[in-house]
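Line by line, the protein sequences give chains A and B. Quick note on my numbering: the first sequence kicks off at -10 and runs consecutively. Quick note on my numbering: the second sequence kicks off at 864 and runs consecutively.
Everything labelled a hint here was simulated from the structure, so no lab data went into it. Nothing here was measured: the structure is a model prediction, and the numbers come from that model. From the three backbone atoms N, C-alpha and C, an ideal C-beta is built for every residue, glycine too. It cannot be assumed that every hint is accurate.
Restricting the straight-line Cα-Cα distance to at most 16 Å, the calculated cross-link-like pairs of lysine to aspartate or glutamate (EDC-like) are [as the list claims (entries may be wrong)]:
#1 A:Lys398 with A:Asp49
#2 B:Lys1045 with B:Asp868
#3 B:Lys897 with B:Asp988
#4 A:Lys121 with B:Asp978
#5 A:Lys324 with A:Glu155
#6 A:Lys398 with A:Glu335
#7 A:Lys57 with A:Asp276
#8 B:Lys909 with A:Asp88
#9 B:Lys909 with A:Asp87
DEER-style ranges, computed between Cβ atoms [to be verified]:
#10 A:Ile13 with B:Ile971: 53 to 63 Å
#11 B:Arg981 with A:Met106: 28 to 38 Å
#12 B:Tyr989 with A:Pro81: 19 to 29 Å
#13 B:Ile1074 with A:Asp272: 20 to 30 Å
#14 B:Asp978 with A:Pro81: 21 to 31 Å
#15 A:Pro114 with B:Ile1074: 22 to 32 Å
#16 B:Ile971 with A:Gly410: 25 to 35 Å
#17 A:Gln302 with B:Met987: 25 to 35 Å
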Amino acid sequence: MDIRAQVSMTFHLDKCIGCHTCSIACKNIWTDRKGVEYQWWNNVETKPGTGYPRKWENQDIYRGGWQKNGSGEINLRGAGKKRGLLNIFHNPHMPVIDDYYEPFTYKYLDLIESPAMDDQPTARPVSLITGKPIDIKMGPNWDDDLSGTPDYARKDPNLADLSAAEQEAMFQLERMAFFYLPRICNHCLNPACVASCPSGAIYKRGEDGVVLINQQVCRAWRMCVTACPYKKSYYNWHTGKSEKCILCYPRLEAGHAPACMHSCVGRIRYLGVLLYDADQIQDSASDDESQLVDRQLNMIMDPFDPEVIRSAQANGVSDSTIKAAQQSPTYKFVKEWGLALPLHPEFRTLPMLFYVPPLLPVMASLSEKNTEQADKADPIAKIWSDKWLYDTSTEELWGTIDQARFPLKYMASMFTAGDEGKVKTVLKKLMAVRIHRRRVTVGDIDDNKAETALKEAGITAEMADDIYKLTSLAKFNERFVIPAAHREQAIEMLDFAGDTKGSVGFGFTEKPTRGI
Amino acid sequence: MNSLDNFILIGFPYAALCVFLIGSIWRYRSTKFKFSSLSSQFLEGKELFWGSVPFHWGLLALFVGHMSAFLIPRGVLAWNSHPARLLVIEIGAFIFAIAVLVGLINLIIRRLSSDRLRVVSTKMDYAILGLLLLQVITGLWIAYNFRWGSSWFATVLTPYLWSLLTIQPDILAVSALPWTIKLHIFGAYLIVFLIPFSRLVHFLVVPIHYIWRPYQRVIWSWSRTDVRNPKSPWSIKRPRNN
Ligand code: SF4
Ligand code: SF4
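Construct all of the structure, not just a fragment, from the sequences and the given hints.
Spelled out as structure tokens, the structure:
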């Protein structure tokens, strides 16, 4: 056992309102500079949609992540030692700026300084790269809220697994549903970006698992841009260096939550430490696709287990970090409750950002054929029309999940490498929590039924209450359990304290010895 | 032998070498951030392929060719002793040079024709492109007009270069060469001279070590086995990654 600590995140998708506050917070702090205008280390996508950069999930185009070869080993799909070095002069699968969007601004000054004319002055859009007027073709979230569905949502790579009929059903106007997917770098355990960097500029911090790019060592070989299957390593066209989400490590070290999480309006974000067994990384990432999620979750260790604690201590994990791991909200969501899943585990980078899949778009409405159910509909179910209803009733326990207007297959292709069963298990739990809480607060559900629901979902009433509390009532300190950074050690990443320790007081820049 | 020859063939090469060595080290130490290949593929990806790929591979082959004539002249001469083999090496080199030329022209056109690229181009970028173009053209010209360069390089230029390196410059034979060849030699020195001041530095940091490095890299602030060990004393030793 080689226990290490990882600062890990959980995003509760049911709660995301798609406000993009997180993206703006991040942009204002880190990417408000020349060369990175187009970079959104945090971005929020509408699903179904093609995302940012366009179709990033389609690895036939971008060749990101790891793939398993014939002999059962994994190698980087579009980079690596051989492929990377051979393609170093021209990287054939690298996205270019047009796959993101050309950054732009408007000539606002024209509005003010324009001389008097017959027509109103306009603020023309200009490119932030060339400074010349452009026709804006694309923005970072132009598929927001299903706008431009034929161009964006319909081309979502996750739809590949769905039959034509299923897709048609999904995009019927009355049935259309969507949810938001906020994305940051996953700070993976088997990061493709690190593995692909020929210079060795990218590394994972041992203490907290944050993946960083050393700007002094990066030489613009730009392999990480290709290799990261989530397209979360970006190329700064101005400085000729790659940059990526740094998980606000300066904030983390000072005990603050990352800016995107701190500012999150929906309070969907949780951050905490997970202890994992690094010995299993290789094997877990190389297992069969159907096993990937389980293997990854198995790597995460129980922070209360004395043996785990001992091993962690032997590895230099500080007590404060172990304590943080024991209170970690991420641990609860991911392991204790089994509610959160990794995004696209089939990319095999072992992402350490977990998502609670959204229940609402799945359960919100029933098919028109189910009139029996419509008859029995709860009075609070809001009837849209004669046939369609927005139903949150609980007459039929899991019926709504099975007849989901949002195909489970779609969710499964995002969160479980195609395993619908796993998604269903999570959704059932989420639903059971709602049924349970409804019994407690509204009281129109009989106890038997609620208990059956909990039992079938595999959770207890206490667990359901805990889930409810952490989901809807949690305060800042419960949502973000940030381990002490031990800056007395961390500072030495940059400067060596010993350099000044032997000198005298302040102000000496050379050794205070006698003579010349 | 006149003073121009002395400058081109003795003075300047030494100056270029010094500037290259000192300048590169200085730049690496003081402005490490700027040590980058400054790839512009992100702004323009398609045309780059027809420029960068033939250019770099061709240049690599030519570099190896020049170096082998310099380092193992006897081997090269022995190989060339058979006319068929000589022809193979000369034609091969010529083809690579054409590849470089084609690549270079594509790169120049690409850089000049794209608005976006003009934003990220410096004067030095243009200067280097022009210089390289001149160098390839003179090289091709020499290869075509003063035939079997691989042989006379090994017999004339190699002794001259070694005489420079051993600080006993002997330019008698070289100064008799036609001016185009001298221009080519001067161009080579000029390129060496400019390395520390241009994007050419990227060839000094070619990531060879990637081949034997493990894929994953994890860095600790302190040795993680020692940091919690009460027996490990406080030491003045720098942590490995500092
Ligand atoms: S999400 Fe991408 S950039 Fe982030 S650690 Fe994983 S592979 Fe690297
Ligand atoms: S700030 Fe929170 S709620 Fe708003 S888009 Fe971002 S993740 Fe969603």
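Each hint, compared with the structure:
Distance check on the hinted pair: Lys398 of chain A and Asp49 of chain A sit about 20 Å apart at the alpha-carbon level, beyond 16 Å; violated. In summary, the hint linking Lys1045 of chain B to Asp868 of chain B is supported, as the alpha carbons are separated by about 9 Å, within the 16 Å threshold. With a C-alpha separation of about 14 Å, the suggested pairing of Lys897 of chain B with Asp988 of chain B holds against the 16 Å cut-off. The suggested pairing of Lys121 of chain A with Asp978 of chain B holds, with an alpha-carbon distance near 9 Å, which does not exceed 16 Å.
The straight-line distance between the Cα atoms of Lys324 of chain A and Glu155 of chain A is roughly 32 Å, outside the 16 Å bound, and the hint therefore fails. Between Lys398 of chain A and Glu335 of chain A, the direct Cα distance comes to roughly 15 Å. Compliance with the 16 Å bound is thereby established for this hinted pair. Between Lys57 of chain A and Asp276 of chain A, the direct Cα distance comes to roughly 9 Å. Compliance with the 16 Å bound is thereby established for this hinted pair. A distance of roughly 13 Å separates the Cα atoms of Lys909 of chain B and Asp88 of chain A; the hinted pair therefore holds under the 16 Å criterion.
Note on Lys909 of chain B and Asp87 of chain A: the hinted pairing holds, with a Cα-Cα distance of about 12 Å set against a maximum of 16 Å. Between Ile13 of chain A and Ile971 of chain B the Cβ separation comes to about 41 Å, which falls outside the hinted range of 53 to 63 Å. At about 32 Å, the beta-carbon gap between Arg981 of chain B and Met106 of chain A stays in the expected band of 28 to 38 Å. At about 27 Å, the beta-carbon gap between Tyr989 of chain B and Pro81 of chain A stays in the expected band of 19 to 29 Å.
Range check, Ile1074 of chain B to Asp272 of chain A: Cβ separation about 25 Å, and the 20 to 30 Å hint holds. Checking the proposed 21 to 31 Å range against Asp978 of chain B and Pro81 of chain A shows it holds: the Cβ atoms sit about 24 Å from each other. Taking 22 to 32 Å as the suggested C-beta distance range, the pair Pro114 of chain A and Ile1074 of chain B does not conform, at roughly 46 Å. For the pair Ile971 of chain B and Gly410 of chain A, the supplied restraint of 25 to 35 Å is violated, since their beta-carbon distance comes to about 58 Å.
Between Gln302 of chain A and Met987 of chain B the CB atoms are about 54 Å apart, so this pair departs from the stated range of 25 to 35 Å.
Hint compliance for this structure: hints 1, 5, 10, 15, 16, 17 are not met, and every other hint is.
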